[in-house]
Structures are given as C-alpha cells and as structure tokens.
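Q: If you want the building blocks of each chain, they are given just below.
Protein chains: 2
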Amino acid sequence: MNRINKSERIGTIIKILTENPQKIFTLNKFGELFECAKSTLSEDIDIVKNIFNKFELGEIETVAGAAGGVFYKPVMTKDKIKNFCEELCAKINQTDRIIPGGYIYLNDIIYSPEISYTMGKALASFFQHLEFDYIVTIETKGIPIALMTARVLNKPLVVVRKEGKLTDGTAIHMNYLTGSSKRIQTMSLAKRSLPKGSKVIFIDDFMKAGGTAKGIVDLMKEFECEAVGVGVLMATKEPKEKLVEDYVTLLVLEKVDEEKKEIIVKSSL
Amino acid sequence: MNRINKSERIGTIIKILTENPQKIFTLNKFGELFECAKSTLSEDIDIVKNIFNKFELGEIETVAGAAGGVFYKPVMTKDKIKNFCEELCAKINQTDRIIPGGYIYLNDIIYSPEISYTMGKALASFFQHLEFDYIVTIETKGIPIALMTARVLNKPLVVVRKEGKLTDGTAIHMNYLTGSSKRIQTMSLAKRSLPKGSKVIFIDDFMKAGGTAKGIVDLMKEFECEAVGVGVLMATKEPKEKLVEDYVTLLVLEKVDEEKKEIIVKSSL
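Chains as they are written, first to last, in the UniProt record's numbering: chain L, 1 to 269; chain D, 1 to 269.
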C-alpha cells in the first residue's frame, strides 16, 4: 500500500467508528492498518474528536489503559431530539392516519429504516449513562425501534414473543393483564435468552396504561434479571399514572377522535 | 465557525455519508456547511472515493446533473461476504444449538444488531443492481435482517403479519400452504402498505421448501405489485427444488440431527 496521509487516516477512522457505534477500537488496530506510530494516531484521534464536536456529529470517547481505545457514541443533542420529535409529529398528525377503532396507522414510520434509526439514536440518548446488558422488546412493532436502539448502544437485543415458538426451545411463559382493557395476554421468552443477573432496558413502540411494560418488568424477575429502564416511541397522555413508575417517551398522544377526525400528538420535550 | 480545513471537511463528509447509506447529498449542501467552493468539494469527494477504494470500505458514487450529488453504497466484496458467512457457520455449528424437534436456536445471532447489520450488508450486495421500491418481510424473526437490508439499501420496509391487526386498518388476508408440512397459514398486510405497481424484494431468516416465499410472491400479486428478488439468511439443502425459482441465501443447512447431535451449516459462497 502506498504511503497513507493524514486525511486518509482520519477518513478511515471516522468510517470505521461511525459504522460500529460504541465498539472500542484500539490504537494498535489502527496502527497496524496504517503502519504508523501511536503518537501520530493520538494526534489523529484528537482531530477526529474536534470534528465531531465542531459539527455536532456525536461524541468520540477514548478509554485509557490496556483494554483502551476509541469509540463513537452517537448521542443527539436535546435540540436535535426536539426537532426530530416535532418532525415526527408533523408526519403523524394527519387525519388520514386515523383507523377505525381510534387507532393510528404508523407502519410506514416505524418500519422506515432511516426514521427508526433516528428514533433509536434519540431514545439511546436517554439511556447512555446507565449500566445494562440487553435491550428487550416484545413483538412485533417494537422490534425496529428496539433493534436500532440496541445498535446505537451496541447491546444485544432480546425479543419476547406473544406465544411460545418451537424454535425457542424451553421457554418461560407468563400471563399478564393489559393495563387498559384488562385482557389476558401471554408473553414467552426462551430460557437461554438472558443470563441470570442481567440488567435490561425495555423498548417498545407504544404505551397506554403500561400493562405490557409491567409484564416485562415481572417477566424479568422470573429470569432473575432487572429492568433498569423503559423507553417508548409514543405514550398516551391518559391515564397519567402508568403501571410502571419511570419511563421515557419521545411523543405524547393527547387525543385521537375517530368521529371528529382529530389527532393530536406532541413532542414530549 | 473557524476556518474549516481539508481533514475536517473530509471527515465530516465521511461521517454523514456513512450514517446515511444510499442517500444522495448535493455538493450544495456540503458547500453551505463548509462555506467553500464547489471545486474544493469536488476534490474532497475524489479523496473520499480513493479512501473508500484503498481500504475497501464500500463504494462512494457520484450522480451528475441537477439532482446530482454523492452517496455511500455499503457493498461488501465477495471475499468479505464469504469470510462473514464462515464466521457465522462457526458460531452456528454448535450442538447445544439443537432444539427438541430438530430446530436450531439462532435468536442470539439474528437479534444481534452488529451481526444483523452485516447480514443486511451482505444480502444487500446481491440486490444493489436491481430496481425496486420496498423490502418486504414477514414477522417475526425475519424483521431484524430485513430492516438492516432496508437500511443498507435505503428503502422502506413492509412487514407482513401472520394475523390481522386492528392497527393495520383495512388489510388483505391470504391463506397459503407451508411448503414442507402443508399446513394452512394466514398472512395479512395493510392495504395502504404498498402502492400498486411497486417492485419489492422479500427478505426472511429461513427457507425450507419456500412456501412462505411463494405466499409472499402471491400476496404481492394481490397488491398488483411484483417480487423481483428473494433473499434469506439460511436455506435448507433439501428439498433442492424450492417453490420459488430464484433466491439468494447466505447459508445452507445441510443437516440437523437431534439424536446424533449433529448440525452442519455451510456458507453458500
């Protein structure tokens, strides 16, 4: 390989860090790739840090010590999250999204890879400071946002099923009551999904009374695990008291009225 | 903002392009961000292209004309896909993954955000040259790989349900036969998910006889749409003849024997 110049080193480092959020790369690894001294790389990393600061591209963090290195932390500023939530509201507050039964059609939004990635980045910003091992979600519509949150935080995702599956092997089944309509539902999770003692964050698309979230909190106890955070894309304004104490939501559903063709979703920020 | 130097411009361009696969950014947009001339930016883009070539980081493509600009195409070389598939095989070919009934436990692999992203990148490499509008999958385990394929190709994802949901509004339901066990299954898709005339690629985690894939092909016809490609993570070696003519798979399941504790999965490349 020809001699590698500074722009090339910096460009390559940024490409690799950006595509692998939260993953630590040692200076040795880059040293081998570029055949250059550690001191040169340290200077490069400082430049990369400055670039990310200057253009608000997220954070570059360095870890000292033997296992040390550098990684990319895709945080969004409060302002950027707020803007994003307001853009989402503008997309969602369209009367043709109201579905018979007073539901809101959101499939095009939650399944958009670009939007779900940004949702993941926004939700991740609230949980970056916590120590935890897994992101947990429940099928089906929570999966995209949970997967993207997991990607941004670089943690494995665990998907709870609504019924047991042969491909899960031995599983723990649990019945729970939905918070709003008090229907009995089942959740099921493969026994080997979670090691005892794990800390998890539950991510879902929607929360009304919080029955599902409470179900997950209880299911985690069956696994001798602990839910240390709950985050959703959208929560209803009413009931104000949810069945889980603490949660983060990006959007608040204030009103959806099928007859009056009214829908009001607001940013929570 | 202070004067912006070449490394900063190149680093920022690479950050933005990498985080937005297949999305076209105009030179004007970067020109405004950096307050610099188009000729300077053209030189920068050439350098970015060279960096991506030199370090095999994917492709940077430029589009001429009024709507022109530059975008990142995350292709993997055949060699990299092959290596990745072989790493996957090493992970999968473990006898403790065999589940009663002769199934294979893969949840930890398909729900890993890092692995599913690379799966998406690998599968996307086979479909980059096709013209199409949507990625389609069916719940539940196909969603992560399909979402990541959609992200890499920057196309919206459509998720077919196994039963109708209130939040889908009006939907088309279709019964179909699984190819291997000839059981009747249902698939359901919200009517507004797909505009008439759309071309789609179906992505799923697993294919045995291809009954589900054929079901999707038929469902697409009900929507006056066309499936122009099928890609899966793993297909069984037998039956050799699948119910769809053409498909791409990353892995081939040659054998899984619960009694003999044998599992043989190979790379398809």
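Quick caveat, the hints were computed from the structure, so don't treat them as lab data. It cannot be assumed that every hint is accurate.
Because identical chains cannot be distinguished in the list, a pair is counted as satisfied if it fits within a single copy or across any two copies.
List of simulated lysine to any residue pairs, SDA-like, C-alpha gap at most 25 Å [claimed, not checked]:
hint	residue 1	residue 2
1	K165	K260
2	K6	S39
3	K199	I16
4	K82	E259
5	K29	V256
6	K237	E222
7	K196	A171
8	K38	D108
9	K165	E139
10	K91	A171
11	K214	S42
Q: Each hint: holds or not?
A: Verification of the supplied hints:
1. K165 <-> K260: between (42 Å within a copy, 23 Å between copies)
2. K6 <-> S39: Both: 13 Å inside a chain and 21 Å across chains, each within 25 Å.
3. K199 <-> I16: neither (28 Å within a copy, 33 Å between copies)
4. K82 <-> E259: Neither. Shortest intra-copy (30 Å) and inter-copy (56 Å) distances fail the 25 Å Cα cut-off.
5. K29 <-> V256: neither (53 Å within a copy, 38 Å between copies)
6. K237 <-> E222: So K237 and E222 fail the 25 Å test inside a copy (30 Å) and across (39 Å) alike.
7. K196 <-> A171: Intra 14 Å, inter 41 Å, cutoff 25 Å: intra-copy only.
8. K38 <-> D108: neither (47 Å within a copy, 36 Å between copies)
9. K165 <-> E139: both (13 Å within a copy, 13 Å between copies)
10. K91 <-> A171: between (39 Å within a copy, 22 Å between copies)
11. K214 <-> S42: Classified as neither; 47 Å inside a copy, 54 Å across copies.
Going down the numbered hints, you'll see the structure goes against 3, 4, 5, 6, 8, 11, while the others check out.
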